[in-house]
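*Asks:* Sequence order for the protein chains is A and B. With the first sequence counted from 1, adding 908 to any position gets you my numbering. With the second sequence counted from 1, adding 184 to any position gets you my numbering.
Just so you know, the hints here were simulated from the structure itself, not pulled from any lab data. Just so you know, even glycine gets a beta-carbon here, dropped at the ideal spot from N, CA and C. Hints may be right or wrong, so weigh each one.
Residues from chain A shown here face chain B by an in silico Cβ test under 10 angstroms; the list is partial [unchecked claim]:
hint, residue
1, Arg925
2, Gly929
3, Gly945
4, Thr948
5, Lys950
6, Ala952
7, Glu954
8, Glu958
9, Ile959
10, Ser963
11, Arg964
12, Gly973
13, Asp974
14, Glu977
15, Val979
16, Ile982
Below, computed lysine-lysine pairings styled on BS3-like, alpha-carbon distance capped at 30 angstroms [stated by the list, open to error]:
hint, chain 1, residue 1, chain 2, residue 2
17, B, Lys410, B, Lys228
18, A, Lys949, B, Lys344
19, B, Lys290, B, Lys226
20, B, Lys226, B, Lys344
21, B, Lys226, B, Lys437
22, B, Lys437, A, Lys949
23, B, Lys228, B, Lys293
24, B, Lys437, B, Lys344
25, B, Lys437, B, Lys410
26, B, Lys410, B, Lys290
27, A, Lys950, B, Lys344
28, A, Lys950, B, Lys437
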Amino acid sequence: MAGMHSSVTLTLNGESRVFEGPADGPLSVSGLLVVLGLDTKKVAVERNEEIVPRSRYTETWLVSGDSLEIVHFIGGG
Amino acid sequence: MSGTPSSEKSEWTQHMDFSEDEIQRYSRHILLQEVGGTGQAKLKAARVLVIGAGGLGSPLMLYLAAAGVGTIGIVDDDVVDLSNLQRQIAHTTDRIGTLKVESAAKAAKAINPDLNVEAYATRLSADNALDLIGRYDIVCDGTDNFGTRFLIADACALAKRTLVSAAVLRFEGQLSTFKPHEGGPCYRCLYSEAPPPGTVPTCSEAGVLGAVTGVMGTLQATEVLKEILGIGESMSGRLMVWDALDSRFRNIKLRPDPSCALCGPDATIHDLSAHGTPEGPACAI
Chain A
909 MAGMHSSVTL
919 TLNGESRVFE
929 GPADGPLSVS
939 GLLVVLGLDT
949 KKVAVERNEE
959 IVPRSRYTET
969 WLVSGDSLEI
979 VHFIGGG
Chain B
185 MSGTPSSEKS
195 EWTQHMDFSE
205 DEIQRYSRHI
215 LLQEVGGTGQ
225 AKLKAARVLV
235 IGAGGLGSPL
245 MLYLAAAGVG
255 TIGIVDDDVV
265 DLSNLQRQIA
275 HTTDRIGTLK
285 VESAAKAAKA
295 INPDLNVEAY
305 ATRLSADNAL
315 DLIGRYDIVC
325 DGTDNFGTRF
335 LIADACALAK
345 RTLVSAAVLR
355 FEGQLSTFKP
365 HEGGPCYRCL
375 YSEAPPPGTV
385 PTCSEAGVLG
395 AVTGVMGTLQ
405 ATEVLKEILG
415 IGESMSGRLM
425 VWDALDSRFR
435 NIKLRPDPSC
445 ALCGPDATIH
455 DLSAHGTPEG
465 PACAI
């Protein structure tokens with residue numbers, strides 16, 4: 909409906925969750941990371957079994973049915 | 185089943201001059217159609233650099249040694265500590281206090297005396313990385329801090345060397361192969377820069393299940409052998425993530441990032457000058 913925020917249903921780390929998009933448009937990967945409170949330097953984002961290039965976070969729009977996994981940066985040996 | 189049929193042996197010895205002992209030692213490899221005599225000769229001629237003789241480096245190096253990789257370089261400036269022995273299986277209780285590279289070389293040579301080990305009891309730095317890495321065909325990252333991981337990634341891309349990289353924390357492991365010189369993504373396409381110091385927990389703070397390092401180091405060895413032999417599907421362009429608690433492996437597609445500072449068309453990293461002294465460990469020594 910006009911005037912309402914768009915909402916998307918995503919599968920995040922295997923669980924179905926509903927996210928509200930921002931007032932001015934759809935939800936991007938960077939928008940999702942802000943909502944989740946995640947530092948982009950500490951994670952990589954997998955969308956539909958593919959890593960989203962970091963440089964594309966702001967222009968990668970999420971749609972209902974997308975499956976996302978947060979891959980945490982680890983460096984132990 | 186034991187031994188090698190004589191007809192197979194004569195075909196096999198045409199490829200390279202192997203001793204009777206070597207033919208017996210590698211008989212289970214030679215039986216594999218994908219390896220055979222030709223593949224075993226490739227392994228013998230290969231030079232692999234293992235950076236970090238810890239939880240990942242231990243099984244990695246031991247399996248490469250057992251497989252008949254001819255020359256293995258090992259880089260580590262640390263000494264064996266009691267707290268290492270929960271996972272770093274190349275080392276032993278009676279070698280506590282000795283250099284890890286010496287302890288690791290001893291373990292590898294005990295399995296395979298024909299192996300040529302080149303031990304570097306030094307910390308990889310911007311000053312020595314290109315020279316060291318340039319001496320080898322394939323480089324393996326089993327290090328414990330982000331500073332060294334980015335140094336290795338940059339040096340391998342600049343020197344056009346294949347990097348087989350693995351990392352662990354708690355119950356999780358990650359693995360990929362980076363070949364930007366062949367059009368694949370590099371490490372910085374996955375993680376552009378090190379996380380701010382102190383924001384990602386270390387293994388000494390968060391812990392790691394010892395066997396998880398064994399699985400990931402062994403997977404790393406398998407991928408190195410595949411790269412040398414040129415068999416199967418390379419992990420270049422894919423990230424493997426393993427969650428030991430879920431017993432779940434995932435393979436995620438990884439493409440080159442067109443904005444990558446290391447391998448992109450407008451790359452800004454052309455040397456190692458941005459690398460100062462590596463920070464402290466991200467995973468316990």
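*Asks:* For every hint, state whether the structure bears it out.
*Replies:* Do the hints match the structure? See the list:
| no. | hint | in the structure |
| --- | --- | --- |
| 1 | Arg925 | violated, 19 angstroms |
| 2 | Gly929 | violated, 25 angstroms |
| 3 | Gly945 | violated, 13 angstroms |
| 4 | Thr948 | holds, 9 angstroms |
| 5 | Lys950 | holds, 5 angstroms |
| 6 | Ala952 | holds, 6 angstroms |
| 7 | Glu954 | holds, 5 angstroms |
| 8 | Glu958 | holds, 4 angstroms |
| 9 | Ile959 | holds, 5 angstroms |
| 10 | Ser963 | holds, 3 angstroms |
| 11 | Arg964 | holds, 8 angstroms |
| 12 | Gly973 | violated, 18 angstroms |
| 13 | Asp974 | violated, 14 angstroms |
| 14 | Glu977 | holds, 7 angstroms |
| 15 | Val979 | holds, 6 angstroms |
| 16 | Ile982 | holds, 4 angstroms |
| 17 | B:Lys410 with B:Lys228 | holds, 14 angstroms |
| 18 | A:Lys949 with B:Lys344 | holds, 26 angstroms |
| 19 | B:Lys290 with B:Lys226 | holds, 24 angstroms |
| 20 | B:Lys226 with B:Lys344 | holds, 20 angstroms |
| 21 | B:Lys226 with B:Lys437 | holds, 29 angstroms |
| 22 | B:Lys437 with A:Lys949 | holds, 19 angstroms |
| 23 | B:Lys228 with B:Lys293 | holds, 15 angstroms |
| 24 | B:Lys437 with B:Lys344 | holds, 22 angstroms |
| 25 | B:Lys437 with B:Lys410 | holds, 19 angstroms |
| 26 | B:Lys410 with B:Lys290 | holds, 25 angstroms |
| 27 | A:Lys950 with B:Lys344 | holds, 27 angstroms |
| 28 | A:Lys950 with B:Lys437 | holds, 19 angstroms |
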